[in-house]
Amino acid sequence: MGRQFFVGGNFKANGTKQSVSSIIDNLNKSNLPSEVEVVICPPSLYLDLAVHENKQKTVSIGAQNVFNKSCGAFTGEICAEQLLDLNINWTLTGHSERRTIIKESDEFIAEKTKYALDKGLSVILCIGETLDERKQNITLDVCARQLDAVSKIIKDWSKIVVAYEPVWAIGTGLAATPDDAEETHKGIRDHLRKTIGEDQAEKIRILYGGSVNGKNAKDFKDKANVDGFLVGGASLKPEFVDIIKSRL
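The opening position of the sequence shown corresponds to residue 513 in the working numbering, with each subsequent residue numbered one higher.
Don't read these hints as lab results, they were simulated from the structure.
Warning: the hint list may mix true and false statements.
[Claimed, not checked] Under the rule of at most 25 Å between Cα atoms (straight-line distance), these lysine-lysine pairs were calculated in the PhoX-like manner:
hint: 1; residue 1: 667; residue 2: 715
hint: 2; residue 1: 757; residue 2: 569
hint: 3; residue 1: 733; residue 2: 698
hint: 4; residue 1: 626; residue 2: 671
hint: 5; residue 1: 727; residue 2: 671
hint: 6; residue 1: 757; residue 2: 524
Modelling step: build the complete structure from the supplied sequences, incorporating the hints.
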């Protein structure tokens, strides 16, 4: 398989200067495995702080959001050039909370993803179904639609990591079983084989996100198509280190 294990931490709109510093200090003091790539995404207010306080070579700082245009008259938005100015090389796009609450469309998310890539950022592209869509048994149809919006305008996926996050499992304490996640991830990879080619589909990392914690992370260890995790609430806690070490 040969895909590097990847753990992302999405702090969402949580934290203070003190707590973000404390989280990073804990990571700095931890003996993290050198073979695991880690990206943490604090609120935008604390991105510069995180960059300066992070001392771990395997940990990078990412943004939670980016706009689809260059800097200009876009009140409240963050442009890729500003992230790069802060030495930030990663961003999330397509998180379900922006899809469902902010009502960002598949096409808008694809445009943001392309713009970020064109400017030199790497992207964690989030996809996933709602509970209603899961009940309708259209999980893979939803994921395919969200991915297809991106593949229509992006050919090179080498700097994209896909994060499958079932909306019904985010922040609820519910999680897909390892077998469910593996089945969905395999379906996602099979779809990507048809749209972006065998080589790119085999190389791309597909993360699972949805109430992952220090206890259940090891349960996914032997799943061939689960290449890591995008972690929400647990990334704010010391157990985040246990998730990073869950493949040891």
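Against the structure, the hints:
1. Taking the CA atoms of residue 667 and residue 715, the gap is about 14 Å. The hint holds against a cut of 25 Å.
2. Restraint check for residue 757 and residue 569: the C-alpha separation of about 16 Å stays at or below 25 Å, so the hint holds.
3. Note on residue 733 and residue 698: the hinted pairing holds, with a Cα-Cα distance of about 15 Å set against a maximum of 25 Å.
4. Taken as a hint, the residue 626 and residue 671 pair is honoured in the structure, with Cα atoms around 11 Å apart against an allowance of 25 Å.
5. For the hint pairing residue 727 with residue 671, the CA-to-CA distance comes to about 30 Å; that exceeds 25 Å, so the pair is violated.
6. With a CA separation close to 22 Å, the supplied pair residue 757 and residue 524 stays within the 25 Å bound.
Hint 5 from the earlier list is the only one contradicted by this structure; the remaining hints agree with it.
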